[in-house]
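Heads up: the protein sequence lines correspond to chains A, B, C, D and E, in order. Each residue of the first sequence is one higher than the one before, counting from 1 in UniProt numbering. Each residue of the second sequence is one higher than the one before, counting from 1 in UniProt numbering. Each residue of the third sequence is one higher than the one before, counting from 1 in UniProt numbering. Each residue of the fourth sequence is one higher than the one before, counting from 1 in UniProt numbering. Each residue of the fifth sequence is one higher than the one before, counting from 1 in UniProt numbering.
Think of the hints as simulated: they come from the structure by calculation, not from any bench. Cβ coordinates follow ideal geometry from the N, Cα and C atoms, glycine included. Be a bit skeptical, because a hint or two may be false.
Quick list of the computed label-pair ranges, beta carbon to beta carbon [claimed, not checked]:
#, chain 1, residue 1, chain 2, residue 2, range
1, B, Asp58, C, Arg102, 55 to 63 angstroms
2, C, Pro124, A, Met119, 56 to 64 angstroms
3, E, Phe33, D, Thr333, 51 to 59 angstroms
4, E, Phe33, A, Ala318, 51 to 59 angstroms
5, B, Val62, D, Arg200, 48 to 56 angstroms
6, E, Leu175, B, Val17, 37 to 45 angstroms
7, A, Met119, C, Pro34, 41 to 49 angstroms
8, B, Asp58, D, Glu189, 24 to 32 angstroms
9, E, Gly192, B, Val17, 35 to 43 angstroms
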Amino acid sequence: MTPAPDTAPATASASGQGSPDRPDDVLTVRNLGVTVGGRKLVEDVDFTIRAGERVGLIGESGSGKSLTALSVMGLLPDGLRATGSVRLAGVGHDLVDADEARMSRVRGKEIAMVFQEPMTALNPTMKVGRQIAEVLLVHRTRPDRASARAAAVDLLAQVGLPDPAAAVDAYPHQFSGGQRQRVVLAIALANDPALLVCDEPTTALDVTVQARVLDLIVRGVQDRRSAMLFITHDLAVVATACERVMVMYGGRVVESGPVQEVFTRPRHRYTRGLIGASDLTAVDDRGRLATIPGSVPPAGRFPAGCVFRNRCAHATEACATRPDWVPTGPDSGYACFHPVAESGVRGTAVPTNQEAGRG
Amino acid sequence: MIVRLVKRIAVLLVSLVVSSVLVFAFMAVLPGDPARVALGTSASETAVAQLREQFGLDRPFVAQYLSWVHGLVTFDPGTSYISHTEIGPQLADRLQVTLWLVGAGMVLACILAVPMGILMAVRHRRPSGLILSALSQAGVAVPAFLAGILLITVFAVGLGWLPANGWTPPAQDPVLFLKQLVLPVLSLGMVQGAVLTRYIRSAVLDVLREDYLRTARAKGLRPMRALVRHGLRNAAVPVVTVLALQLATLLVGAVVIERVFVIPGLGSLLLDSVSNRDLIVVQDVVMIIAMAVLLVNFLVDTIYLMIDPRLRGGSS
Amino acid sequence: MAEQPTSAPLAPGPQTGPVDAISVRDVTRDYRRPRASVRRPSPPVHALRGVSFAVPQGQRFGIVGESGCGKSTLLRILAGLDQPTSGSVAIDGRDITGLRERQLRFVRERLQLVFQDPMSALDPRMRVGDIVAEPLVAQGHRHRKERVAELLEAVGLRADAANRYPHQFSGGQRQRISIARALAPRPKIIVADEPVSALDVSVRAQVLNLIADLVDELSLTLVFVSHDLSVVRHVCDRVAVMHDGQIVETGSTEQVYEDPQHSYTRRLIAAAPTLDRALSGVSAADLNRE
Amino acid sequence: MRHHRRPTRGTGAIAATLACLLLASCSAGSTATGGSAGKNSLNIGLTAEPANFDFTKTAGNAIPQALLYNVYQNLVKLDQSGRIQPQLATSWRLSKDRRTYTFHLVKNATFSNGARFTAEDAKFSIERVSSDWTVAQKSQMDVVDTARAVSPTELKVTLKKPSNDWLYRMTTRVGAMFSRTGVSKLATEPVGTGPYVVKRWNRGDSITLARRDGYWGREPHFKSVTLKYFKDPTALNNALLTGTINVINDMQSPDTLYRFQNNPKYKVIEGSTNSEVVLSLNNSSGPMRNRKARQAVRYAIDHKALMDTCWAGRGKLIGSMVPPTDPWYQNLTNQYPYDRDKAKKLLKESGEAGHTLRLRIPTLPYAIACGTVVKSQLEQAGFKVKLDQLEFPAAWLSTVFKNADYDMSIIGHLEPRDMQTVFGGKGYYTGYDNPEFRALLQKADQGTKKEQITYMRAAARLLSKDAAADWLFLLPMLTVADKDITGLPVNYVSESMDLTGLGRS
Amino acid sequence: MTVLDTEAAVASAAPDDRRRRRPMTGSLLVGGFIVMVVFGLALLSFVWTPHDPTLVNPSARLEKPSLEYWFGTDKFGRDVFSQILMGSRTTLFVGFVAVGVAAVVGVPLGIVAGMAPGWLGELLMRGNDLLLAFPALLLAIMFAAVYGASTLVAMVAIGIASIPHYARLIRGGTLQVMKAEYVVAARAAGRGPFSIGLRHVLPNVSSLVIVQASVGFAIAVLAEAALSFLGFGTPPPTPSWGRMLQESQEMLSVAPRLAVFPGIAIAVVVLGFNLLGDGLRDRFDPKLEDHR
């Protein structure tokens, strides 16, 4: 989301990055867009992730968060096109329009991904061990099949699977959802990727299983000092797993910053509404929850200017033009003409709400 | 795994018995007394009765059915009313002819269809994919015998490269046997190939949409490599089903090609015996075809077991 | 799980008030798996192992549990769509176990279901008006047109939505239609199976508010099933925690959440991330610790 | 890393064989010479394959066509122009009362199983017809009273009453000579005195006859003759064009003759047959019982146009049930000249105009072709006609031939001199029952040769005037062969396709 | 029933129409057009044909295509174009009978097998597969032998032989529908199995039936051509493209057009219905589509 027409100096880039390309920057995304047949699904997304930094990307359905992840991996479905620039440390070329030959060298080696649905993510007719060994053999991080297999057993142990020696010869249908997601994680972490992209990795899992997988993801990334881009719609999960968060709505980043900052002193109206709506403990006098009026428009059909204005109680004519990005720190800022007052207290989305405060 | 196999075998046996009863009942309904047709219409009543007795046609149904089944099981399917000759060897020859024709035809179909089908699926949006798709649609639309007639007119009568028709057992004259096989196999193979291509295309398209293909791409496999290592094995299941179906229908379906190229196959034997009311032969041919179809289905099921581990039981 | 399931005593004291809306006594349900080995038949799956609870009229009763704990099986038995292997279920005091479809009429009138997946809950080939009116048609009510319009208004949709098709509505709106359908035969009991799990956060709040309003206004008895503890905590008065086919703990919402007795309940509550806990420093590792 | 091959790994080998096959055949260049390997072997294309080799029990012309005069021989045989010639009998005398024939037999004839041919075998064969045969022709021997073997080379046969017809019958299948020790497996192993024996039978494809050593008579030219059977006329033509066969015996698609006529490599021979294509009318029941209606039918058919359209003008127009090769042939085509108005008038007078006539034809090439033309011509003359096809042989034989459930049908009667059996016999499908006609036939049979001709002519005239049926035309004998094949028979008068006279120049 | 909260009212039906308006794929357009043309020809043939297709006209034997005879005449002097026109009627009749028989029996069987409890469903399917042991051509030949060769007999045989394909396809679709929550809702509302089958299952599998019907049509036309070639198909005098093809074989080198015109007609119709099938399959919900 370029604040002003392109002439603006790169320094004041949209996501309020400090000096660009700091030494330990792993992923640098500039002006990323995704279009299909003329309709814009993702627009002007800018952010950088440092080594070892865990960044969350939160948004509802149709916000474009999954498309952002997929365009970083270069795995957009047929008919969708990515624009802008995605650079990865240690990789000479830009990832957006790279050809298959170059991208296949990067995927699974520099960047790895964990998907949402574990039940269909693995090849049902191939042993789990071979599917893990494959990512090692394809990138020649292991010389031959025997050592790749041994590494697979070790990886299975790392992700906490019971009896990894037997598991390596089992088929996907012999594992539960949670166990399969751990196999996918093992595959992703196999080559110690510089960047791990997780697209709603625990949405399909039960609470207890989710806790274990989240723990594995965070530890896996920390052990390898890998950067992580974590996509989810669940505020609590992102707050638990990530240090910094970007809020997306209508294909644009409307606010970003440290988790503590964004979730206690939200500035963008949408972020505030989202926090209010997701807090099931804050109820008005009649016991009703705070809500955001209206419903999410279909992908690509958001209003011009500020994409949230058709549901924002504070929208004015000014919101018809695109709000500028107001940087509030090295990696944080928001894009709203009528932001929540600096001193706004957490969870006061609807005036009638009393302080929730429950532990 | 064994349980599934035992169940499948049981289903196979029951189906065989039931289809044999069906076939026998159908034959009994067929009008036209076989003995009378065999002897010609002006034969005397006594002669007809004597022949009926000789063929056991006067015995009660169940007895006739049992002796027929006994004959089938012990590979001695009795003698034909019309030709008074042993049916067994005749069936064996005809079956061998048809298996050669259909087998080679299906092999050619696979050689054509597998690469074309995959190509059409992979280039599914691009013009080359559309052209191939149109071509295969055209291939499906041409009746097999028309293809045969055109091939004869051009290559046999026109250019004289190949014999127009006829069949020579391979042992008798291998070169002539192969020459006579080319055109029929081509016309059979091309048409069946076009049909198979369409199924392979849709099976591969389905597989390309699977999540684990995307996982393979995320691992760093290039699209074609991902398809070959992960996609094809899973796409094989629906394709194997269609192949089995085609093989089954061709056993008698090839009669059209047999008629154009004058090949004494199973289908032609069936046609001739039906017009000569040679009931015992008709019964045996229909039974062989039914057995072949059921056997093919059984083989397909076992192939499923090999391809898809989920069916092998033993869950987490 | 060595510990014995602790559950508060059944409805306190003798049956004083009106009979319970739902009373379940020691219900079990087993499924026979296809034979895996030739020698011995495969062991049966115990979906429910002796479940008992009661829901008095007007109460909002929550059932929490992870997938595979048997809650869906329980729901189908409550709605008379499936028969228990043993034990009994009574709706408004009348035992429904072992009855044939024709005798379950009164259950159809009193108890209706709301489902989880908005995409699959509505028949894509039927107009919204017909969908909502289906229970009325099935139970032979007349002058359905006005009733449908009334129901659509009640769930916050315009009456003219009746002649549109489900795919022309958003997830939240489809859930409203599903609720309108459930209210059509004026049931006394609504059984909601994960009604908001598939919705976005902002829309979820709207639907929860709608359910709360309707339950209050029509003084319905609500059975609310979910894997999401925080949603159940907001909606329900009493809650039962299910694990592996058994109810391991029952009690008022406050008592179960504040002071969980059973170790599984404790682990469940500990593992559930919330914004407040995260902001107060609870990390992923903390969630994972028993 | 084991590279996972596509599932069609096994097809590699087969693909290779198919590819080299294509190459091999293309390099063959010259027209594939097909089966005719050596100079003294011959391939003949035919249409109807025999069901087995036993013509004593199986009807149909296919068996005698292949075996008579080639494997089996008779005392006397029929030559090209229908005259009776000696074969196993060198000469024969008829007694004054025309009831006893004395045959003098050849001395040195032997059967293919080695047994010598004597008068005893002849006696055995003649008596066996009445005792063991089941086909219809067996009644032709009823007139025989006794057969005595006076000496190994002399046979006396006495008839119950004089019969010109009997000697003629001895040239057909009933006159075939069997060995007393060679009748056990007639269906599969025919034993005869002829020059050829059956070498191999690829059922559904071809029968190969081989010349046997030690044949008593003059050895035929060809060492081996293969009879190839084609159901489809076009396949038959293509086989000749590509050299798979050298001779088409009885061409069934006259329209394609042009491809051979103006082609130097082939020669076309047109002769006549005994096969009258009869528009049979059901004289015993239905609208065709009415004589006027039958006559209306005969006037309504334009025979010349019909033959031109459905059989490309090949064949001969005939007025009654007598082919030109019979001694008592006379041209009766003028009795019912084509006159559509007269046909309309007669049909109105007959009062049968309202009825729909069921034209039930067998699925034979000439019947299908002519059926369409007959239906169209009759409809133009005011008839109502419904055409349907009955699968030959089974359905047509049982529906039309046995139950006479038809009004009109089209069938070629190919048995020689069959006027008596088709129109003289009681209960025959034509249902023609005229005592005067039967009396004429009997007088002809028992009279002298000269009387036979006058009475047979009278019978043929009566049959035609009575419009017992309509004779569309006489099927021609169309033989097409390689230029260098000699001795090909012009007409097809006897039941046999005599191979002994063939040669290659 | 008061309107409880104003926000809900604002959230009424979204203004724009979200129906997944997928573009009409090429194959649907071309296939649909061809099928329309064939229907048009068939209807036209009831009213008008340039000449009487069954009229034998010896003087006009084997005429080249001319102004009077657009496709020339055959060996009996009959106008080929009129025969093709009339033949389209037979072709459609062939398709309808075959598809009709297969659908009328196959679809309900499929639905019942899909809705029935496990073991009954399996049993029905085993019986269904048994029918697979009698391929179409085999049945047609045996039926023709019993009832005599006629178009109706041939097509009923083809129809019966394709019942298993319909049943198997529809059972697959039914199983998917039965898993949907709106079926559970209907049961909870008190709907009996029969009305569920009629109101919910049939409409949702109807897309499958239509797609299979168009492909079935193409298969039937090809089968009729093959049967006519073997002499078991449509008997004269009713014009049929299959029989025209068979009759033309004899005259191939003098009048190849006698084979070309019916051959093209058959190919075009088969192509048309196959394309229509593909187009319809892409048009309806892809999730229910079963690439037959």
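Structure-based check of each hint:
1. B:Asp58 <-> C:Arg102: 55 to 63 angstroms: The hint (55 to 63 angstroms, Cβ to Cβ) holds, given that B:Asp58 and C:Arg102 are roughly 56 angstroms apart.
2. C:Pro124 <-> A:Met119: 56 to 64 angstroms: violated, 24 angstroms
3. E:Phe33 <-> D:Thr333: 51 to 59 angstroms: holds, 56 angstroms
4. E:Phe33 <-> A:Ala318: 51 to 59 angstroms: The hint (51 to 59 angstroms, Cβ to Cβ) holds, given that E:Phe33 and A:Ala318 are roughly 54 angstroms apart.
5. B:Val62 <-> D:Arg200: 48 to 56 angstroms: violated, 40 angstroms
6. E:Leu175 <-> B:Val17: 37 to 45 angstroms: violated, 29 angstroms
7. A:Met119 <-> C:Pro34: 41 to 49 angstroms: violated, 20 angstroms
8. B:Asp58 <-> D:Glu189: 24 to 32 angstroms: Check passed, 29 angstroms falls within 24 to 32 angstroms.
9. E:Gly192 <-> B:Val17: 35 to 43 angstroms: holds, 37 angstroms
Of the numbered hints given earlier, the model fails hints 2, 5, 6, 7; all others are met.
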